[in-house]
Amino acid sequence: MVIYSFKNFSYAYYGVTKVFENLNLRIGSNNPQIVAFVGPSGSGKTTLLSVMAKLVEDYSGEVLFEEKNLKDWKELEFRKKVLMLLQSPEKQLFEENILADVLYTLKYDNLTVEEKMLKAQRVLELVGLPKDRWDKPYYRLSGGEARKAALAAVLVKDSEVLLLDEPTSGIDSETRQELYRIFKNLKRAGKSIFFSSHDVYFVKAVSDEVFFVDNGLVKPAENVEKARYWGVV
Amino acid sequence: MFNYWEADTVFHRANPIVKVLLTFLLLISMFFTKKVEVMVVFFATFIMMFWLADTPWAKVKGFARMIFWLVLITFLLNLFYSEEGKILWQFWKLKITEKGLYDSIYFSLRFVNLILLVQLLLGTTQPIDVATVVGRVFKPLARLFPSAGFAEMEIMLLLALRFLPIFQNEIEWLIKSKRARGIVEDTFTKKVDGIVGMVVPLLISAFKRAEELAVALELRGFDPFKERTSYVKWEFSMADVVVILFYLILIFAVIIQKKMIVWDI
Numbered sequence: 018m019v020i021y022s023f024k025n026f027s028y029a030y031y032g033v034t035k036v037f038e039n040l041n042l043r044i045g046s047n048n049p050q051i052v053a054f055v056g057p058s059g060s061g062k063t064t065l066l067s068v069m070a071k072l073v074e075d076y077s078g079e080v081l082f083e084e085k086n087l088k089d090w091k092e093l094e095f096r097k098k099v100l101m102l103l104q105s106p107e108k109q110l111f112e113e114n115i116l117a118d119v120l121y122t123l124k125y126d127n128l129t130v131e132e133k134m135l136k137a138q139r140v141l142e143l144v145g146l147p148k149d150r151w152d153k154p155y156y157r158l159s160g161g162e163a164r165k166a167a168l169a170a171v172l173v174k175d176s177e178v179l180l181l182d183e184p185t186s187g188i189d190s191e192t193r194q195e196l197y198r199i200f201k202n203l204k205r206a207g208k209s210i211f212f213s214s215h216d217v218y219f220v221k222a223v224s225d226e227v228f229f230v231d232n233g234l235v236k237p238a239e240n241v242e243k244a245r246y247w248g249v250v
Numbered sequence: 005m006f007n008y009w010e011a012d013t014v015f016h017r018a019n020p021i022v023k024v025l026l027t028f029l030l031l032i033s034m035f036f037t038k039k040v041e042v043m044v045v046f047f048a049t050f051i052m053m054f055w056l057a058d059t060p061w062a063k064v065k066g067f068a069r070m071i072f073w074l075v076l077i078t079f080l081l082n083l084f085y086s087e088e089g090k091i092l093w094q095f096w097k098l099k100i101t102e103k104g105l106y107d108s109i110y111f112s113l114r115f116v117n118l119i120l121l122v123q124l125l126l127g128t129t130q131p132i133d134v135a136t137v138v139g140r141v142f143k144p145l146a147r148l149f150p151s152a153g154f155a156e157m158e159i160m161l162l163l164a165l166r167f168l169p170i171f172q173n174e175i176e177w178l179i180k181s182k183r184a185r186g187i188v189e190d191t192f193t194k195k196v197d198g199i200v201g202m203v204v205p206l207l208i209s210a211f212k213r214a215e216e217l218a219v220a221l222e223l224r225g226f227d228p229f230k231e232r233t234s235y236v237k238w239e240f241s242m243a244d245v246v247v248i249l250f251y252l253i254l255i256f257a258v259i260i261q262k263k264m265i266v267w268d269i
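Line order of the protein sequences matches chains A and B.
Using our numbering, the letters of the first sequence correspond one by one to residues 18 to 250.
Using our numbering, the letters of the second sequence correspond one by one to residues 5 to 269.
Here chain A stands alone, though its shape is the one from the complex:
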């Protein structure tokens, strides 16, 4: 069961610029689901995901995850369930090379070195990063490769929920197809994915549910492509 409920949720950047006001919303379902957030830049998609990942907590109102207030969740328990991919890979990767970086996520896990290594290699193969890139630091990779590496660094840890902030930005069509495959596999493996994107076609193809985020509102969208004509996305 992965359900987020927002109750009278309000948020303002630095306590001044209002993004959301009195938002009441229920996202998610009992089954694994792929949910997309679309909307113009600055509409609050990243904020919404950060709140859902318990990284931003200076909001007013209540956000419940699995019927329990987010603020009441213990850090350790919550991080076992929910992980997030940040918008830019350079903010998420910081070890000397990609493999070490993926292993860094498993740093405090009770696994042997071999098990950790195996997991890391498997996940790097899953995201489709060529083997000769594994020993390179992230700033030597192209934008798309760095994004894949960042995704691997998150995926290596098993979690029920994945929050991905713009996983489709700056990648080519081939990688986009791979991403589609990864999304579907993850869903089949029982994970719920919430992601934000500007890529309407990708959103349309992959997601079970789409939400528009604009003008402080988050509302379900029936027709994604229509949104394109409105100029929302």
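Wrong hints could be hidden among the right ones.
Calculated lysine-lysine pairs in the DSBU-like style (CA-CA distance at most 30 Å, straight line) [what the hints assert, rightly or not]:
1) K204(A) x K180(B)
2) K212(B) x K124(A)
3) K180(B) x K136(A)
4) K88(A) x K180(B)
5) K194(B) x K174(A)
6) K88(A) x K65(B)
7) K208(A) x K194(B)
8) K35(A) x K180(B)
9) K108(A) x K98(A)
10) K35(A) x K63(B)
11) K236(A) x K98(A)
12) K71(A) x K35(A)
13) K180(B) x K124(A)
14) K124(A) x K85(A)
15) K194(B) x K133(A)
16) K180(B) x K91(A)
17) K194(B) x K98(A)
18) K124(A) x K195(B)
19) K212(B) x K153(A)
20) K180(B) x K24(A)
21) K63(B) x K91(A)
22) K180(B) x K236(A)
23) K97(A) x K195(B)
24) K133(A) x K195(B)
25) K194(B) x K97(A)
26) K35(A) x K65(B)
27) K91(A) x K195(B)
28) K262(B) x K39(B)
29) K194(B) x K71(A)
30) K65(B) x K71(A)
31) K136(A) x K195(B)
32) K174(A) x K108(A)
33) K91(A) x K65(B)
34) K180(B) x K153(A)
35) K174(A) x K195(B)
36) K195(B) x K108(A)
Treat the hints as calculated values from the structure; they're not laboratory data.
Assemble chain B onto chain A, guided by the hints.
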């Protein structure tokens, strides 16, 4: 720490040149006295100045706590150092003398005053203004010794001050990113380990940023030796008179105490 706060007070309005130069003068004059009394006068005046400068006390709390520990160390180090004067308390080889007590109070107060003085300047003056003043002060030197690097100093100082909040932001992002990846640092050793682990990425990003910045400056045709203009005009105003009075009183306190001026009527 040493953050600027937005407000509309006499200290904010005053001319940055006046503030920087007076701060410098006061810094030097503070080393000319060895009297606790003068330091108390300084401290009281500083608190009054902070009050007039609309200090956001809630934000200063963490800063004050940090200073407290440093002051305590300064105090304790000086307390047992002196051998002179009447012995007040003795235990084995440790002893506190009258002079030791006096000196430790003096040194701790001076330490606090130095920090307060710098905080008052940086809290009421934008970093960019401080850097500009320093650049202007060094301008004649830059003309005299073109290869000594005085011309670059202004931009260097400006960038250093400008990038402090950016690095603060970067550290926050690194912490956030670790949490986003499910790395929970719940014990003391893990926390220390996590801080050590952040040093390398911070350095890398600093170098990357420096490189990008150098390229950007180059592309905009930056030349430290060219005459720079500014859209801000600093004029002398009543605010400056008030600020000068405050600082001059303190400088006079030192002069009078030192008996540099003998009143002879």
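Each hint, compared with the structure:
| no. | hint | in the structure |
| --- | --- | --- |
| 1 | K204(A) x K180(B) | 26 Å, holds |
| 2 | K212(B) x K124(A) | 26 Å, holds |
| 3 | K180(B) x K136(A) | 23 Å, holds |
| 4 | K88(A) x K180(B) | 16 Å, holds |
| 5 | K194(B) x K174(A) | 18 Å, holds |
| 6 | K88(A) x K65(B) | 25 Å, holds |
| 7 | K208(A) x K194(B) | 29 Å, holds |
| 8 | K35(A) x K180(B) | 22 Å, holds |
| 9 | K108(A) x K98(A) | 21 Å, holds |
| 10 | K35(A) x K63(B) | 23 Å, holds |
| 11 | K236(A) x K98(A) | 25 Å, holds |
| 12 | K71(A) x K35(A) | 19 Å, holds |
| 13 | K180(B) x K124(A) | 16 Å, holds |
| 14 | K124(A) x K85(A) | 28 Å, holds |
| 15 | K194(B) x K133(A) | 19 Å, holds |
| 16 | K180(B) x K91(A) | 16 Å, holds |
| 17 | K194(B) x K98(A) | 21 Å, holds |
| 18 | K124(A) x K195(B) | 13 Å, holds |
| 19 | K212(B) x K153(A) | 16 Å, holds |
| 20 | K180(B) x K24(A) | 24 Å, holds |
| 21 | K63(B) x K91(A) | 28 Å, holds |
| 22 | K180(B) x K236(A) | 28 Å, holds |
| 23 | K97(A) x K195(B) | 19 Å, holds |
| 24 | K133(A) x K195(B) | 22 Å, holds |
| 25 | K194(B) x K97(A) | 17 Å, holds |
| 26 | K35(A) x K65(B) | 28 Å, holds |
| 27 | K91(A) x K195(B) | 17 Å, holds |
| 28 | K262(B) x K39(B) | 9 Å, holds |
| 29 | K194(B) x K71(A) | 20 Å, holds |
| 30 | K65(B) x K71(A) | 26 Å, holds |
| 31 | K136(A) x K195(B) | 25 Å, holds |
| 32 | K174(A) x K108(A) | 18 Å, holds |
| 33 | K91(A) x K65(B) | 28 Å, holds |
| 34 | K180(B) x K153(A) | 24 Å, holds |
| 35 | K174(A) x K195(B) | 20 Å, holds |
| 36 | K195(B) x K108(A) | 19 Å, holds |
Consistency note: the structure conflicts with none of the earlier hints.
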